[in-house]
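Number of protein chains: 2
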Amino acid sequence: MQPLATLKALAAAVALSAPLAQAVEPIAPIEPPTGVNSAKAAIGKQLFFDPRLSKSGFLSCNSCHNLSMGGSDNLPSSIGHGWQQGPINSPTVLNARYNVAQFWDGRAGDLQEQAAGPIANPKEMAMPHDLALEVIASIPGYLEAFAAAYGDEAVTLERVTETIAEFERTLVTPGAPFDRWLQGDEAALSDDEKAGYALFKDSGCTACHNGPAVGGGMFQKMGLVRPYETDNPAQGRYALTGKESDRMVFKVPTLRNVELTYPYFHDGGAETLDEAVRVMGRLQLGREFSDSEVAQLVAFLKSLTGELPQFALPVLPPSAPDTPRPNPYGP
Amino acid sequence: MQPLATLKALAAAVALSAPLAQAVEPIAPIEPPTGVNSAKAAIGKQLFFDPRLSKSGFLSCNSCHNLSMGGSDNLPSSIGHGWQQGPINSPTVLNARYNVAQFWDGRAGDLQEQAAGPIANPKEMAMPHDLALEVIASIPGYLEAFAAAYGDEAVTLERVTETIAEFERTLVTPGAPFDRWLQGDEAALSDDEKAGYALFKDSGCTACHNGPAVGGGMFQKMGLVRPYETDNPAQGRYALTGKESDRMVFKVPTLRNVELTYPYFHDGGAETLDEAVRVMGRLQLGREFSDSEVAQLVAFLKSLTGELPQFALPVLPPSAPDTPRPNPYGP
Numbered sequence: 010m011q012p013l014a015t016l017k018a019l020a021a022a023v024a025l026s027a028p029l030a031q032a033v034e035p036i037a038p039i040e041p042p043t044g045v046n047s048a049k050a051a052i053g054k055q056l057f058f059d060p061r062l063s064k065s066g067f068l069s070c071n072s073c074h075n076l077s078m079g080g081s082d083n084l085p086s087s088i089g090h091g092w093q094q095g096p097i098n099s100p101t102v103l104n105a106r107y108n109v110a111q112f113w114d115g116r117a118g119d120l121q122e123q124a125a126g127p128i129a130n131p132k133e134m135a136m137p138h139d140l141a142l143e144v145i146a147s148i149p150g151y152l153e154a155f156a157a158a159y160g161d162e163a164v165t166l167e168r169v170t171e172t173i174a175e176f177e178r179t180l181v182t183p184g185a186p187f188d189r190w191l192q193g194d195e196a197a198l199s200d201d202e203k204a205g206y207a208l209f210k211d212s213g214c215t216a217c218h219n220g221p222a223v224g225g226g227m228f229q230k231m232g233l234v235r236p237y238e239t240d241n242p243a244q245g246r247y248a249l250t251g252k253e254s255d256r257m258v259f260k261v262p263t264l265r266n267v268e269l270t271y272p273y274f275h276d277g278g279a280e281t282l283d284e285a286v287r288v289m290g291r292l293q294l295g296r297e298f299s300d301s302e303v304a305q306l307v308a309f310l311k312s313l314t315g316e317l318p319q320f321a322l323p324v325l326p327p328s329a330p331d332t333p334r335p336n337p338y339g340p
Numbered sequence: 010m011q012p013l014a015t016l017k018a019l020a021a022a023v024a025l026s027a028p029l030a031q032a033v034e035p036i037a038p039i040e041p042p043t044g045v046n047s048a049k050a051a052i053g054k055q056l057f058f059d060p061r062l063s064k065s066g067f068l069s070c071n072s073c074h075n076l077s078m079g080g081s082d083n084l085p086s087s088i089g090h091g092w093q094q095g096p097i098n099s100p101t102v103l104n105a106r107y108n109v110a111q112f113w114d115g116r117a118g119d120l121q122e123q124a125a126g127p128i129a130n131p132k133e134m135a136m137p138h139d140l141a142l143e144v145i146a147s148i149p150g151y152l153e154a155f156a157a158a159y160g161d162e163a164v165t166l167e168r169v170t171e172t173i174a175e176f177e178r179t180l181v182t183p184g185a186p187f188d189r190w191l192q193g194d195e196a197a198l199s200d201d202e203k204a205g206y207a208l209f210k211d212s213g214c215t216a217c218h219n220g221p222a223v224g225g226g227m228f229q230k231m232g233l234v235r236p237y238e239t240d241n242p243a244q245g246r247y248a249l250t251g252k253e254s255d256r257m258v259f260k261v262p263t264l265r266n267v268e269l270t271y272p273y274f275h276d277g278g279a280e281t282l283d284e285a286v287r288v289m290g291r292l293q294l295g296r297e298f299s300d301s302e303v304a305q306l307v308a309f310l311k312s313l314t315g316e317l318p319q320f321a322l323p324v325l326p327p328s329a330p331d332t333p334r335p336n337p338y339g340p
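Line by line, the protein sequences give chains E and L.
Those letters in the first sequence? Residues 10 to 340, by my numbering.
Those letters in the second sequence? Residues 10 to 340, by my numbering.
Simulated from the structure, these hints should not be mistaken for lab results.
Incorrect hints may have been included.
With the C-beta cut set under 10 Å, the calculated list includes, among others, these residues of chain L facing chain E [said to hold, decoys possible]:
| hint | residue |
| --- | --- |
| 1 | Thr-43 |
| 2 | Val-45 |
| 3 | Asn-46 |
| 4 | Ser-47 |
| 5 | Ala-51 |
| 6 | Gln-94 |
| 7 | Ile-97 |
| 8 | Thr-215 |
| 9 | Asn-219 |
| 10 | Pro-221 |
| 11 | Pro-272 |
| 12 | Asp-283 |
| 13 | Leu-294 |
| 14 | Pro-327 |
Keep in mind it's a predicted model, so treat the numbers as computed, not measured.
Where is the CB? At the ideal position from N, CA and C, for every residue including glycine.
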């Protein structure tokens, strides 16, 4: 082959490989939801906002996974029935469909399994499942909706959690500046944001924070290089497995919309992104980021804020005269 | 004048007076909002949904005036900071612009004055006004919005309450079947609903429940003919005026969307419309409605459910690193 032909072949190969180069980035764009069962998702949206799923009639899924606030409650740990202090920071519901498992310790396999937990948890919504189902089944508007979605009016825990999960699958946030850049729009990121992403990769953050959700895909020890100091008693997956190697091993949280989901970590121990980045560097990477590095990393992280789901505030079907009434103050 | 001419003149007069006949109904249709300052209302919508106006960071205006639930919380009395039991039933914010004054005892003259109350009330949101303003003024997204609406970034209590009130002025519910009937659509009401309305007028309910909001326009004693028995200590306007004649005198609540705003009365003492109608008949009118009368009155009352405000769930601007953090559990 002559030198010129070699050069031409090389140029052609480079041109061909441009899409491939993009494909090897450790982060993939968030895709708009597809294949949603809209009848089920519509029920799930109402149930997500319905405080009648709680004993008090006051707490809904949206109380702690507030879709006005990045799908979280922006509190170190959540407030449950009777103003009980929850044990752990409320993870965002946004892009939760990408999580390998649900809850910080991964004890629920998927969104549907997760949805059942807080309803009945005496420290959260404190509503026995049987009573929750009785309430829903007494509300004519829900019965009509279930009949339309499933062909009959039966209100079962499986259907209730399936519809909530179907709604939650719609809660994705495409269109972040970072995703637009991933998809080829060079101007979507500033130089600082690009430098922050380069540093994010080079420092090894992407070992855990990768995939479309920039996290959520694996479990990792909190305090890999140095131990994490906290008063919070949560021990991560150790509580499930009893294995010493699972102590302080939590699901890696998504960094999508992390600008909105403060405070950070399973105990809500870091109030700002700046603080969270420094602690992560120190504890997980054994590295002390400089002020300018922190600023670049934070700039990159803020570029992960996507378009939040836009939908009309759901209007809930009213209770009927025989609907069991809430019990906010009683035993 | 010849007989035929007389008949023609009479027919013309009747045709001309049809609008007049309608005008003498004691209830007027709800009109869509007009003259709204959309920049201010947009801020007010965010603030209405923003739990950062509470000490805990957990309670917003929407917690107790839930726009998914008829603008109320459907609890006998509301839950405040630290799960304190509120003293009174949360009145709906829907069509509250028509109220002669705000709160059950009318102690606030208008929506703007009302909005300041629950924020600072230690039993409700428990947030000192100074701190609430400091929080809002620390949030870049709010500063931009205030600058756009007012020409400068100053965050004052007057502006905060003005924007909330401006949003609340949009919370009206036109298009109820009853209003469509008022406006000439004979088919908008069933025979039972029409009979219920006739009974509503003939029994004297419209002496208090009149105007566009079917209430809200005056004060009246709860227990006019027979005393109202309740454990609730509220004494109505007596608390403001000290006058014996104001004891148990409350603002007449709106009956718009009353199907959605259970339980009823200032103490939430009646769980169903059926019960509320019977108690009202007995205590205010000295009349025992029959079962079929109750059914007709309830049918009429349900025809007052209008089109609830439809808007996208607001997305709140995130806190900044220096935003004062919520204090849900501390002193």
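How the hints compare with the structure:
1. Thr-43: violated, 22 Å
2. Val-45: violated, 18 Å
3. Asn-46: violated, 21 Å
4. Ser-47: For Ser-47/L, the interface hint is violated, since the closest Cβ of chain E sits about 17 Å away, which is over 10 Å.
5. Ala-51: Constraint on Ala-51/L not satisfied, violated at 14 Å.
6. Gln-94: At 6 Å from the nearest chain E Cβ, Gln-94/L passes the 10 Å test, so the hint holds.
7. Ile-97: violated, 14 Å
8. Thr-215: violated, 24 Å
9. Asn-219: violated, 24 Å
10. Pro-221: Cβ of Pro-221/L sits 21 Å from chain E, so the hint is violated.
11. Pro-272: Since chain E brings a Cβ to about 8 Å from Pro-272/L, closer than 10 Å, the hint holds.
12. Asp-283: holds, 7 Å
13. Leu-294: violated, 22 Å
14. Pro-327: With a minimum Cβ separation of about 5 Å from chain E (threshold 10 Å), the hint on Pro-327/L holds.
The structure shown violates the earlier hints numbered 1, 2, 3, 4, 5, 7, 8, 9, 10, 13.
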